[in-house]
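Participant: For reference, the chains in residue letters:
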Amino acid sequence: MKLNSKIPSGPLSEKWTSHKFNVKLVNPANKRKYEIIVVGTGLAGASAAASLAELGYNVKAFCFQDSPRRAHSIAAQGGINAAKNYQNDGDSVFRLFYDTIKGGDYRSREANVYRLAQVSVNIIDQCVAQGVPFAREYGGLLANRSFGGAQVSRTFYARGQTGQQLLLGAYSALSRQVANGKVKLYPRTEMMDVVVVDGKARGIVTRNLITGAIESHSAHAVLLCTGGYGNVFFLSTNAMGSNVTAAWRAHKKGAFFSNPCYTQIHPTCIPVSGDHQSKLTLMSESLRNDGRVWVPKTVEIAEKLRKREIAPKDIKEEDRDYYLETKYPSFGNLVPRDVASRNAKHVCDEGRGVNETGEAVFLDFRDAILRDGEDAVRGKYGNLFDMYEKITGENPYKTPMMIYPAVHYTMGGLWVDYNLMTSVPGLYALGEANFSDHGANRLGASALMQGLADGYFVAPYTVGDYLAGLSYDKVPEDHSEFRKAEEEVKSRVKQLLEINGSKTVDYFHKKLGKIMWNHCGMARNAAGLTKAKEMIQALKGEFWSDVKVLGTGEELNLSLEKAHRVADFLELGELMVDDALHRNESCGGHFRDEYQTPEGEALRDDENFAYVAAWEYLGEGKDEALHKEALVFENVKLTQRSYK
Amino acid sequence: MNLTLKVWRQKKTADKGGFKTYKISGISADMSFLEMLDVLNEDLSDKGEDPVHFDHDCREGICGSCSLYINGQPHGPHQTTTCQLHMRSFKDGDTITIEPWRANAFPIIKDLVVDRSAFDRIIQSGGYVSVNTGGVPDANEIPIPKVIADESFDSATCIGCGACVAACKNASAMLFVSAKISQLALLPQGKVEKRGRAEKMVAQMDAEGFGACTNTGACSAECPKEIKQSNIARMNREYFSASVSTEEV
Numbered sequence: 005m006k007l008n009s010k011i012p013s014g015p016l017s018e019k020w021t022s023h024k025f026n027v028k029l030v031n032p033a034n035k036r037k038y039e040i041i042v043v044g045t046g047l048a049g050a051s052a053a054a055s056l057a058e059l060g061y062n063v064k065a066f067c068f069q070d071s072p073r074r075a076h077s078i079a080a081q082g083g084i085n086a087a088k089n090y091q092n093d094g095d096s097v098f099r100l101f102y103d104t105i106k107g108g109d110y111r112s113r114e115a116n117v118y119r120l121a122q123v124s125v126n127i128i129d130q131c132v133a134q135g136v137p138f139a140r141e142y143g144g145l146l147a148n149r150s151f152g153g154a155q156v157s158r159t160f161y162a163r164g165q166t167g168q169q170l171l172l173g174a175y176s177a178l179s180r181q182v183a184n185g186k187v188k189l190y191p192r193t194e195m196m197d198v199v200v201v202d203g204k205a206r207g208i209v210t211r212n213l214i215t216g217a218i219e220s221h222s223a224h225a226v227l228l229c230t231g232g233y234g235n236v237f238f239l240s241t242n243a244m245g246s247n248v249t250a251a252w253r254a255h256k257k258g259a260f261f262s263n264p265c266y267t268q269i270h271p272t273c274i275p276v277s278g279d280h281q282s283k284l285t286l287m288s289e290s291l292r293n294d295g296r297v298w299v300p301k302t303v304e305i306a307e308k309l310r311k312r313e314i315a316p317k318d319i320k321e322e323d324r325d326y327y328l329e330t331k332y333p334s335f336g337n338l339v340p341r342d343v344a345s346r347n348a349k350h351v352c353d354e355g356r357g358v359n360e361t362g363e364a365v366f367l368d369f370r371d372a373i374l375r376d377g378e379d380a381v382r383g384k385y386g387n388l389f390d391m392y393e394k395i396t397g398e399n400p401y402k403t404p405m406m407i408y409p410a411v412h413y414t415m416g417g418l419w420v421d422y423n424l425m426t427s428v429p430g431l432y433a434l435g436e437a438n439f440s441d442h443g444a445n446r447l448g449a450s451a452l453m454q455g456l457a458d459g460y461f462v463a464p465y466t467v468g469d470y471l472a473g474l475s476y477d478k479v480p481e482d483h484s485e486f487r488k489a490e491e492e493v494k495s496r497v498k499q500l501l502e503i504n505g506s507k508t509v510d511y512f513h514k515k516l517g518k519i520m521w522n523h524c525g526m527a528r529n530a531a532g533l534t535k536a537k538e539m540i541q542a543l544k545g546e547f548w549s550d551v552k553v554l555g556t557g558e559e560l561n562l563s564l565e566k567a568h569r570v571a572d573f574l575e576l577g578e579l580m581v582d583d584a585l586h587r588n589e590s591c592g593g594h595f596r597d598e599y600q601t602p603e604g605e606a607l608r609d610d611e612n613f614a615y616v617a618a619w620e621y622l623g624e625g626k627d628e629a630l631h632k633e634a635l636v637f638e639n640v641k642l643t644q645r646s647y648k
Numbered sequence: 298m299n300l301t302l303k304v305w306r307q308k309k310t311a312d313k314g315g316f317k318t319y320k321i322s323g324i325s326a327d328m329s330f331l332e333m334l335d336v337l338n339e340d341l342s343d344k345g346e347d348p349v350h351f352d353h354d355c356r357e358g359i360c361g362s363c364s365l366y367i368n369g370q371p372h373g374p375h376q377t378t379t380c381q382l383h384m385r386s387f388k389d390g391d392t393i394t395i396e397p398w399r400a401n402a403f404p405i406i407k408d409l410v411v412d413r414s415a416f417d418r419i420i421q422s423g424g425y426v427s428v429n430t431g432g433v434p435d436a437n438e439i440p441i442p443k444v445i446a447d448e449s450f451d452s453a454t455c456i457g458c459g460a461c462v463a464a465c466k467n468a469s470a471m472l473f474v475s476a477k478i479s480q481l482a483l484l485p486q487g488k489v490e491k492r493g494r495a496e497k498m499v500a501q502m503d504a505e506g507f508g509a510c511t512n513t514g515a516c517s518a519e520c521p522k523e524i525k526q527s528n529i530a531r532m533n534r535e536y537f538s539a540s541v542s543t544e545e546v
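Protein chains in written order, with the working numbering: chain A, 5 to 648; chain B, 298 to 546.
Only chain B is shown next, with the shape it has when bound in the complex:
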């Protein structure tokens, strides 16, 4: 199929950037979206033009590197990662607009590549159970009801891609933060530190410049791993109970 691509090009963070239009032909329906961009980049390189830079790595939907805003939706029209989006979702003659994630907390590095290190700093602020290697009890000494383990797992599947932030009109990171808080708050191992964790992670999220949540649910609707909005409710409860608690955390 033949396509018209409107791609965001920006040399570096400080530059203004803008759209550039490219025509591309000979795209097969079996290609992934990123393989289509590979074809574009080979074309550009042949012509001596700088290839379009974008983040990608595993190309199987799990590493969370890929991050394109396609026709106004993070990761494109389906609830999946861009690497798992295939060209059979488009038609011959389509015009496709490709942008980077847009959020103050995710500055653009080049073209479609953004800096998501804010997510790492949020995890560093409390997204863990404070245990050292060694000296832990036998794994089966902590029985966990299957439904709880499954629910915790559902939250734990977040890949940290940032689509929730990109989808949100406020660029809020609440879905990401709440997924980690929920995973750990549900498990006995994580309960010990749950209050301090909620407070510290929320504080770091605010410090990074992410926006507030107004419950539109766009984050969850666009999340490639279908992280539920109920995580945000749980986070708010954890945060609230931490703020009214007199216990030391």
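Chain A with its partners taken away, still in its complex shape:
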């Protein structure tokens, strides 16, 4: 099967405009004859469900949380980019496009990224109209900041809670459509399978998490807005419930999975404190605007720190290594996430880590406090400092923060064409669940932008184009394909409950996480990846013979929910390793030890790897088939990313 990305012809800047004109429209009176399923109610899902319902379609929205407002988009801190150029500092749609393509290490599609930059300006207008309280200047206009390595101030923000405010905006729009009767909500409901009839996605099978009931839902199109798969690492900044199950089940029903090895490891998280740890907490990278990253110059001093023989303040200026400022004089502490993370790992691997585990570096605000005063620093970062103190018990106004990279975002996801449709007709993937816009590395404040772009401004056009060619008839929910999918889900529930082994679900999840972090994390190599594949296969075998899931399938059962998710993570983990192993180059978040420049930077191989890897599931126990979508760059010149 040849992948058809369906990128419209014509000049880059006119593709989306002409595509919007060329898509088929559904007559307003006929929209109510179509039903659309939206799975997930984060930024992508809530915005898509609300916008499609406003157009007149009937929407069913599903989420596993108790309320759509709790989707993990809520936790995004820093901000959302938009090419408004309100600051008159040289920003433009083209510059946002260029920065995103370059930041993604030239592994994303030009047309998709350009469209993202174009609609970014509409997102801000939309959110303000909904009553999202963005930060403002005294003149009453919107404030911006520079964020995550951008050299212009294009990031809109709401203190350190931008994701929360944007999600509550989308949730309010969704709630309005619930009141209008155009959206039916299904909270505490997990999607267990996609149902494909005659080659088209025609519905889903779900499990009611309270009663355990397995139910079928028929529709004309299915939108997966189910987020990323960072929890394959067990420890990540994702919410505890974030999972890959919806995307993975879709993958097994024919949707290709793209670039699974592209994982973003965020540089500024609170370090791991012990084995009990259940999740990692991100500290917004806006902190890097004023905080200076350093470790001691020598291993000896670092050892004294780790044994607590000396305190950070005892270390003289000349014994401190501000390694990012030295190595990257023009970007300094603001280098992109992948670069900052790798360098932190590098200095810690040298033995210069600063906490007891040896896996932490300092993020120091001493100079900012001396320069601007403690009040000014509190004004900018107060809530983040408080959060840090609550978690660690240390006061960052007095002693430097300690940070270490953690898994934060996954750039890979379901393959989609320009219309955000997967390789299964009628099945769409939006937001973090797709692979489309961030290439091999996502820039800060771009995830919120993409989720809302897909949901508010892309899907409402492209889904209509597909529906316009479809009959109004729905596949009945007692159709044999629905029945078959229901039976499969029921037998899987039964199988998990009957194993009655000796180890808890978390035991397997933690073990998988360690394998992934050690061998498919910040740096990978062929030997480690080969070993990881064997280890994952063995662990999968052990899981299906020795996992212990208590309780029944007919009640609220948290270990059963988790068991389903971990079973899927085990399969995904293997594909991530395959993908990382086949990509014999380094790019963005994918760093292979074997492929680096003499200075230790990622070394791309554009001749052989300037493509999107799209994996096709071929059946249990079989290696997946690799399809390649060549990436064509007509508007940017591929260069070695340099932040020196």
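If you're looking for bench data, these hints aren't it; they were derived computationally from the structure. The C-beta atom is built at its ideal place from N, Cα and C for all residues, glycine as well. Any given hint could be a false lead.
[Stated by the list, open to error] With a cut-off of at most 20 Å between alpha-carbon atoms, the simulated SDA-like pairs for lysine to any residue come out as follows:
no., chain 1, residue 1, chain 2, residue 2
1, B, 488, A, 129
2, A, 566, B, 331
3, B, 309, A, 129
[As the list claims (entries may be wrong)] Derived DEER-like restraints, expressed as beta-carbon distance ranges:
no., chain 1, residue 1, chain 2, residue 2, range
4, B, 485, A, 492, 48 to 56 Å
5, B, 345, A, 370, 48 to 56 Å
6, A, 370, B, 313, 52 to 60 Å
7, A, 312, B, 301, 27 to 35 Å
8, A, 320, B, 345, 37 to 45 Å
9, A, 314, B, 443, 39 to 47 Å
10, A, 498, B, 315, 51 to 59 Å
11, B, 390, A, 545, 54 to 62 Å
12, B, 345, A, 546, 15 to 23 Å
Starting from the structure of chain A, add chain B where the hints point.
Facilitator: Relative to the frame of chain A, chain B by itself:
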């Protein structure tokens, strides 16, 4: 440290439920309260006992899922969410009592998990600005004084956890409802519909079975996001002015 936990166990909504006591050891001060419960649940699972069910998700204090009533206080002794409460707030040998939110409008689903969908229905009754996607003015065409924007933001930070209801002797939801009414009433975008919004949201709040407000301030004192009681005053004003207005809303 070693602790004694008195935990509310209840199989399902219709059951009576009751406290069960568990001993737990080897708890480190760096653990979060929920990580302590994770340890308990791993112990219980090893013994073949059903783990304690509780709501949680982001574990960074923003999603509003976690909801435990700890030693008689929602989210425990500090003004924070349970996921951000750390075991360094307790001492070796302590006995900790853990209950679900108690309110008629929040029926218990299982153990410590309650049904808070009443909050969603209140938002559905009017907690929004009625704009469709597209066709809105440029974001900077609506200047908003910084102090107003900041005040609106303070109200908007509510995470919908329900601690205000749990803290209130009347199980009133006024802090939650007033936070949304205030956020929108303060902003020019939300002013257009403010009267109808106040009336509809208050009516829905009553229909859900939440109690009335007697101004004890427990809600605000326990709110992990420090939502101010002045929101309730603003809500009452909006509601009152809506009820005496002859304008169509």
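Participant: Now tell me, hint by hint, if it's right for this structure.
Facilitator: Hints, verified against the model:
no.	hint	in the structure
1	B/488 - A/129	holds, 18 Å
2	A/566 - B/331	holds, 16 Å
3	B/309 - A/129	violated, 46 Å
4	B/485 - A/492: 48 to 56 Å	holds, 53 Å
5	B/345 - A/370: 48 to 56 Å	holds, 53 Å
6	A/370 - B/313: 52 to 60 Å	holds, 58 Å
7	A/312 - B/301: 27 to 35 Å	holds, 32 Å
8	A/320 - B/345: 37 to 45 Å	violated, 58 Å
9	A/314 - B/443: 39 to 47 Å	holds, 44 Å
10	A/498 - B/315: 51 to 59 Å	violated, 31 Å
11	B/390 - A/545: 54 to 62 Å	violated, 44 Å
12	B/345 - A/546: 15 to 23 Å	holds, 20 Å
Checked against the numbered hints given earlier, this structure breaks hints 3, 8, 10, 11; the rest are met.
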